[in-house]
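A.B. asks: Whenever a hint applies, use it, and build me the whole structure from the sequences.
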Amino acid sequence: MSEQKNQIDEYRRSFLGKGAALAGLATLAPGVILHTVARAKPADEAITGKVRWGFLIDANKCAENCDACVRACDEENGITKFGRPETDAQWIRKVTLRNKQTNHTINLPMMCQHCAHPPCVDVCPTGASFKRADGIVLVDKHICIGCRYCMMACPYKARSFIHETVTDQNPDVPRGKGTVESCTLCVHRVDRGETPACAEACAKTVEGPAILFGDLNDPNSEISKRLASEPSTAVRADFRLDPGVRYQGI
Amino acid sequence: MLSKAIQFIAHRPAFPAAIIITACVISVSALAGAPKPDIPKGKGDRCVEDTDYMRKNHMELLLHQRDETMYRGIRTKKHSLKECIDCHAVNDNTGQPVSHLDSKHFCVQCHEYASVKIDCFDCHASKPRAQQAGQRL
Chain A
0 MSEQKNQIDE YRRSFLGKGA ALAGLATLAP GVILHTVARA KPADEAITGK
50 VRWGFLIDAN KCAENCDACV RACDEENGIT KFGRPETDAQ WIRKVTLRNK
100 QTNHTINLPM MCQHCAHPPC VDVCPTGASF KRADGIVLVD KHICIGCRYC
150 MMACPYKARS FIHETVTDQN PDVPRGKGTV ESCTLCVHRV DRGETPACAE
200 ACAKTVEGPA ILFGDLNDPN SEISKRLASE PSTAVRADFR LDPGVRYQGI
Chain B
0 MLSKAIQFIA HRPAFPAAII ITACVISVSA LAGAPKPDIP KGKGDRCVED
50 TDYMRKNHME LLLHQRDETM YRGIRTKKHS LKECIDCHAV NDNTGQPVSH
100 LDSKHFCVQC HEYASVKIDC FDCHASKPRA QQAGQRL
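Chains as they are written, first to last, in numbering that gives the first Met the number 0: chain A, 0 to 249; chain B, 0 to 136.
Just so you know, these hints were derived from the structure itself, not from any lab.
Just so you know, these numbers come straight off a predicted model, no measurement behind them.
Just so you know, even glycine gets a beta-carbon here, dropped at the ideal spot from N, CA and C.
Careful: at least some of the hints might be erroneous.
Distance condition first, Cα-Cα at most 30 Å in a straight line; then the derived DSBU-like pairs of lysine-lysine [what the hints assert, rightly or not]: (1) A:Lys130 <-> B:Lys42; (2) B:Lys42 <-> B:Lys77; (3) B:Lys76 <-> A:Lys40.
Chain B residues, not near chain A, derived (Cβ > 12 Å throughout) [said to hold, decoys possible]: (4) Ala33; (5) Pro36; (6) Lys40; (7) Val47; (8) Ala124.
C.D. replies: What follows is the structure, encoded as structure tokens:
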């Protein structure tokens, strides 16, 4: 009797096991999750120049009153505002452009464009402003002296100086008074294989994902495929800085 | 005769030595009076390195890890400041982790004792992040 019961248990176990495996396959089937898992870099592996991270932003999908990306950025990076827009730090901002002849307006989010030839890096006297191998432009705040040359050099007004003492920082995002900072492309999330907070928040809005994040060097990535098949432009392409952020509908 | 003897003693080279010895005795007694830091124990069984090694070299490990993380995107947990903070968090009476502004903070305990001023926490978080506002860790 007990032997028979054991046999039934074994059969049941193998059946349940196969069922679980099938369920696992079904979860991975849409491909999106599988893609994310495959891209995650092990924590002990250094970044390489084989990838170049970037955004493709569709201004047609960017709603006028929506600031989901800005709020997500502030939340993720612990950016607190003091009600002083002139000097408050902003890593991403909404810009509205109006054609004076037709009154047609377009909205777009503006942040560090993560240029391949960043002028902020050129002018930095201490070498604090630098570009990572994967194209992300950052500030090494350990050696930033707060001179703000980079702020003057950046044609996109992407950088902010921290005027006030900062408390309660996000452990992943150190920020401190007297240094310059800008969008890090959520480098702490990207290193974990996640997408930046703004892109994630934008994808959840009603208007749909206006911000697409991906590897510009990978011809099979969604961003590369769309860039190859659809028209897009760089803001102030005449500077030939080769920004990692490209726009559609402007 | 007596005045000559006094002159002789006053001109001996042993006289400054006596002053130094006196100073030493005073400083040793001062050291004995300074309260030893009450170093709180971390969460795990043992630290990532031996305690003696960490006392001497923790700053070197942190400096190395900082550049590896920032420039090369290496985010291993072993020598990361974030993990130190997570493991060595000290709670106050209400059960919330204290910041570096509190003398009970793990880093601050020793640095105050050793008169070392660090500016790590001008930028870096000095306590683990609560998952949600007001949530206990």
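A.B. asks: Each hint should be assessed against the structure and marked as holding or not.
C.D. replies: Going through the hints against the structure:
For the given pair, Lys130 of chain A sits about 37 Å from Lys42 of chain B by alpha-carbon distance, which is inconsistent with the 30 Å threshold. For the hint pairing Lys42 of chain B with Lys77 of chain B, the CA-to-CA distance comes to about 14 Å; that is within 30 Å, so the pair holds. Note on Lys76 of chain B and Lys40 of chain A: the hinted pairing holds, with a Cα-Cα distance of about 14 Å set against a maximum of 30 Å. With a least beta-carbon separation of about 30 Å from chain A, Ala33 of chain B lies farther than 12 Å from that chain, consistent with its non-interface assignment.
Every CB of chain A lies more than 12 Å from the CB of Pro36 of chain B, the least distance being 24 Å, so the non-interface label holds. No Cβ of chain A comes within 12 Å of the Cβ of Lys40 of chain B; the nearest lies about 21 Å off, and the non-interface call holds. Distance check on Val47 of chain B: its Cβ is at least 14 Å (rounded) from any Cβ of chain A, clearing the 12 Å threshold; non-interface status holds. A cut-off of 12 Å between C-beta atoms contradicts the statement that Ala124 of chain B is not in contact with chain A; the least separation is 4 Å.
Comparing the model with each earlier hint shows violations of hints 1 and 8; every other hint is respected.
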